[in-house]
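Asker: For the protein sequence lines, the chains are R and Y, in the order given. Here my numbering is used: the first sequence runs in plain steps of one and ends on residue 331. Here my numbering is used: the second sequence runs in plain steps of one and ends on residue 287.
Hints are computed from structural coordinates only; laboratory data are not their basis. It should be emphasised that the depicted structure is a prediction, and the values quoted were computed from it without experimental measurement. Cβ atoms here follow ideal geometry from the backbone N, Cα and C, with glycine treated the same way. Some hints could be false.
Said to hold, decoys possible - Cross-link-like lysine-lysine pairs, in silico, DSBU-like; alpha carbons within 35 Å at most:
(1) R:Lys-322 to Y:Lys-131
(2) Y:Lys-32 to Y:Lys-218
(3) Y:Lys-131 to Y:Lys-218
(4) R:Lys-322 to Y:Lys-167
(5) Y:Lys-218 to R:Lys-322
To be verified - Simulated restraints, written as ranges between beta carbons of each label pair:
(6) R:Ile-174 to Y:Leu-40: 46 to 52 Å
(7) R:Ala-92 to Y:Ala-146: 33 to 39 Å
(8) Y:Asn-80 to R:Ala-96: 30 to 36 Å
(9) R:Thr-160 to Y:Val-139: 21 to 27 Å
(10) Y:Gly-178 to R:Ala-166: 44 to 50 Å
(11) R:Ile-67 to Y:Asp-169: 47 to 53 Å
(12) R:Ala-166 to Y:Glu-166: 36 to 42 Å
(13) R:Ile-174 to Y:Asp-169: 17 to 23 Å
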Amino acid sequence: MDFLFITQQTLSATIGVNTIIFALAAIGLNMHFGYTGLLNFGQAGFLAIGAYSVAVPVISFGIPLWIAFLIGIFNSIIFALLLGIPTLRLRADYLAIVTIAAAEIVRQIARSATFNEFLGGSDGITGKFGKDFFALNPFKSGLDTPILRFNANDLWVVITGWTLVAVITFVMWIMVNSPWGRLMRAIREDEDAVRSLGKNVYLYKMQSLIIGGVIGSTGGFVYALSRQSVQPDNYGTALTFFAYTVLILGGAARVFSPIVGAMIFWFLIVFIEQILRQGVTNDLIPDWLIGVNQVGQIRFMLMGLGLMALMIFRPQGIFGDKKELALDAKA
Amino acid sequence: MQKPKSADANFALTTSPTPGSAKSDPILIADKITRQFGGLTAVNVDHLEIQRGSITALIGPNGAGKTTFFNLLTGYDSPNSGTWSFNGKNLNGIPPHKVARLGMVRTFQLTKALYRLTVIENMALGARNQKGESVLRSVFPWIWRAQEAEIRARATEILRNFKLLEKQDDFAAALSGGQRKLLEMARALMVEPEMIMLDEPMAGVNPALKQSLLEHIKELRTEGKTVLFVEHDMDMVHEISDWVIVMAQGEVIAEGTPASVMGNEQVIAAYLGAHHNEDLSANLEGA
Ligand SMILES: Nc1ncnc2c1ncn2[C@@H]1O[C@H](COP(=O)(O)OP(=O)(O)OP(=O)(O)O)[C@@H](O)[C@H]1O
Ligand SMILES: [Mg+2]
Numbered sequence: 001m002d003f004l005f006i007t008q009q010t011l012s013a014t015i016g017v018n019t020i021i022f023a024l025a026a027i028g029l030n031m032h033f034g035y036t037g038l039l040n041f042g043q044a045g046f047l048a049i050g051a052y053s054v055a056v057p058v059i060s061f062g063i064p065l066w067i068a069f070l071i072g073i074f075n076s077i078i079f080a081l082l083l084g085i086p087t088l089r090l091r092a093d094y095l096a097i098v099t100i101a102a103a104e105i106v107r108q109i110a111r112s113a114t115f116n117e118f119l120g121g122s123d124g125i126t127g128k129f130g131k132d133f134f135a136l137n138p139f140k141s142g143l144d145t146p147i148l149r150f151n152a153n154d155l156w157v158v159i160t161g162w163t164l165v166a167v168i169t170f171v172m173w174i175m176v177n178s179p180w181g182r183l184m185r186a187i188r189e190d191e192d193a194v195r196s197l198g199k200n201v202y203l204y205k206m207q208s209l210i211i212g213g214v215i216g217s218t219g220g221f222v223y224a225l226s227r228q229s230v231q232p233d234n235y236g237t238a239l240t241f242f243a244y245t246v247l248i249l250g251g252a253a254r255v256f257s258p259i260v261g262a263m264i265f266w267f268l269i270v271f272i273e274q275i276l277r278q279g280v281t282n283d284l285i286p287d288w289l290i291g292v293n294q295v296g297q298i299r300f301m302l303m304g305l306g307l308m309a310l311m312i313f314r315p316q317g318i319f320g321d322k323k324e325l326a327l328d329a330k331a
Numbered sequence: 001m002q003k004p005k006s007a008d009a010n011f012a013l014t015t016s017p018t019p020g021s022a023k024s025d026p027i028l029i030a031d032k033i034t035r036q037f038g039g040l041t042a043v044n045v046d047h048l049e050i051q052r053g054s055i056t057a058l059i060g061p062n063g064a065g066k067t068t069f070f071n072l073l074t075g076y077d078s079p080n081s082g083t084w085s086f087n088g089k090n091l092n093g094i095p096p097h098k099v100a101r102l103g104m105v106r107t108f109q110l111t112k113a114l115y116r117l118t119v120i121e122n123m124a125l126g127a128r129n130q131k132g133e134s135v136l137r138s139v140f141p142w143i144w145r146a147q148e149a150e151i152r153a154r155a156t157e158i159l160r161n162f163k164l165l166e167k168q169d170d171f172a173a174a175l176s177g178g179q180r181k182l183l184e185m186a187r188a189l190m191v192e193p194e195m196i197m198l199d200e201p202m203a204g205v206n207p208a209l210k211q212s213l214l215e216h217i218k219e220l221r222t223e224g225k226t227v228l229f230v231e232h233d234m235d236m237v238h239e240i241s242d243w244v245i246v247m248a249q250g251e252v253i254a255e256g257t258p259a260s261v262m263g264n265e266q267v268i269a270a271y272l273g274a275h276h277n278e279d280l281s282a283n284l285e286g287a
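Turn these sequences into a full structure, and let the hints guide you.
Answerer: In structure tokens:
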């Protein structure tokens with residue numbers, strides 16, 4: 001077994017591009033679910049909108065990338081309004097149903113033949129829409145150390161991506177510790193009580209939906225730019241549920257939990273995969289048990305087992321407070 | 001027993017003790033309000049006025065429609081028919097948060113403490129016009145810090161009165177049932193309402209604390225506030241209310257001073273008809 005290689009792969013993934021994408025998706029969900037109690041099961045839709053919004057305007061209309069970012073933010077605000085206006089006055093479950101459906105609608109529209117010309121159908125969009133971004137890359141070569149390895153483009157994405165995560169987390173930390181954040185947490189506990197104190201709950205839930213959605217769509221920006229391509233099927237329900245996994249791993253309603261959750265998530269996935277792969281190729285794991293082609297599935301099975309263990313032994317997540325979780329039972 | 005200090009101190013003496021009677025200075029007027037749940041008419045109030053600056057009790061057997069009536073008045077439920085106004089402003093179709101902003105704040109029979117907020121956070125939430133509750137200004141703490149300090153100071157004062165100060169940093173979920181009732185009432189006061197509507201404020205509160213709570217409620221009247229409360233505890237009704245309204249099967253069947261209402265045969269019959277509670281009837285007859 002090449003432990004140095006395993007370490008390098010695992011550590012690079014732990015702070016890598018995917019971790020950033022999932023952290024951003026989960027930060028948005030933390031706003032929705034952790035702080036406001038909104039069940040948004042369509043976070044993938046926000047990421048898809050972010051991703052397509054940077055690719056399509058640049059490729060099809062020659063719009064500068066910086067304006068495409070603004071278009072992406074604008075589009076995700078519109079998407080949040082479309083989801084929120086009909087559902088936020090209703091019971092919590094309606095938002096859950098509508099968001100899960102809406103995210104699928106986004107994906108189906110993106111991959112439909114009708115809009116093939118702009119959205120690329122099921123193949124998605126591949127092209128150099130990120131060239132304005134990579135033109136700013138000061139690194140001529142990548143990073144190649146025994147424990148971390150990124151090519152030049154990925155290094156640039158990782159550095160800008162973590163900067164984005166840091167700025168968003170900092171602003172979020174201020175907001176959730178303000179009276180505004182208190183109001184959000186109060187809505188999570190009991191909307192009717194908050195209404196009786198003269199607060200317009202609907203307006204605040206809409207703000208939460210928009211803010212969390214926009215943060216999610218910035219995850220879509222990173223997703224699209226890092227790959228220089230957008231594939232509709234990457235934005236399915238699995239993405240949303242992985243983002244929830246990340247959030248719950250870290251512990252909901254804690255500012256740092258999406259970051260740590262995403263790091264643990266990708267650490268485990270890549271670590272398990274590398275161990276299995278090396279085990280199989282070095283004949284430490286017999287062929288009849290796991291074949292090379294099964295490694296991809298089996299890592300998710302083991303991941304699932306690990307998550308179950310976490311929920312049993314530490315249901316509050318890494319940062320959560322067990323006492324606080326117990327209060328959830330509405331004594 | 002302390003004499004009422006309402007705007008019109010004689011209102012209890014000069015008002016006719018008949019259901020739906022006119023008050024000299026009504027703050028709340030309800031007209032022909034009905035609410036049906038399927039075939040059941042839960043509320044059917046023909047006319048009702050609440051005197052400004054008074055403490056009015058709303059009593060009646062279980063299922064009489066008191067809570068439903070509260071829900072209708074505060075916008076949590078909509079009536080099948082009827083109109084009502086607060087301070088002369090029509091409240092039909094006004095959502096709960098706007099009702100509260102107009103100065104009519106209610107509490108809930110099933111307590112709604114915000115469990116995973118601390119006691120002091122529950123309190124601070126009640127304050128009006130908070131700069132830090134605006135999404136944009138929340139990002140700049142120096143804009144709202146001073147106001148937040150004032151709010152907390154006021155919250156601390158009220159918590160001290162309600163004997164909850166030692167609990168201020170505990171989660172509301174860690175309070176006992178009675179303490180949650182107290183917290184909810186204290187939080188409603190943070191809104192600085194003109195009229196406060198309490199749905200069974202004394203349920204589960206121990207006798208010693210009950211006494212001091214009664215004093216706080218009387219104090220509200222001294223400050224010129226109007227109190228409307230639902231209560232099954234007849235001692236409390238008798239001790240602090242200027243006026244009592246009795247509901248049974250959705251209708252107002254009697255109103256008047258505590259003494260006159262509790263001697264009313266119709267009222268006793270309504271209670272006995274609803275459930276044979278010896279204690280209660282003894283209470284009523286003793287009055
Ligand atoms: N949401 C609802 N759906 C159907 N029926 C209801 C609903 N809410 C209340 N009711 C019915 O309306 C009637 C009045 O109920 P309400 O809660 O107003 O009584 P109450 O006077 O507050 O009683 P209590 O003193 O026990 O609190 C009851 O018969 C109740 O069953
Ligand atoms: Mg009731």
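Asker: So, for every hint listed, does it hold in this structure?
Answerer: To see whether the hints hold, each was checked on the structure:
no.	hint	result
1	R:Lys-322 to Y:Lys-131	holds (33 Å)
2	Y:Lys-32 to Y:Lys-218	holds (31 Å)
3	Y:Lys-131 to Y:Lys-218	holds (32 Å)
4	R:Lys-322 to Y:Lys-167	holds (20 Å)
5	Y:Lys-218 to R:Lys-322	violated (42 Å)
6	R:Ile-174 to Y:Leu-40: 46 to 52 Å	holds (51 Å)
7	R:Ala-92 to Y:Ala-146: 33 to 39 Å	holds (36 Å)
8	Y:Asn-80 to R:Ala-96: 30 to 36 Å	holds (31 Å)
9	R:Thr-160 to Y:Val-139: 21 to 27 Å	holds (22 Å)
10	Y:Gly-178 to R:Ala-166: 44 to 50 Å	holds (46 Å)
11	R:Ile-67 to Y:Asp-169: 47 to 53 Å	holds (49 Å)
12	R:Ala-166 to Y:Glu-166: 36 to 42 Å	holds (39 Å)
13	R:Ile-174 to Y:Asp-169: 17 to 23 Å	holds (21 Å)
In summary, the one numbered hint that this structure violates is 5.
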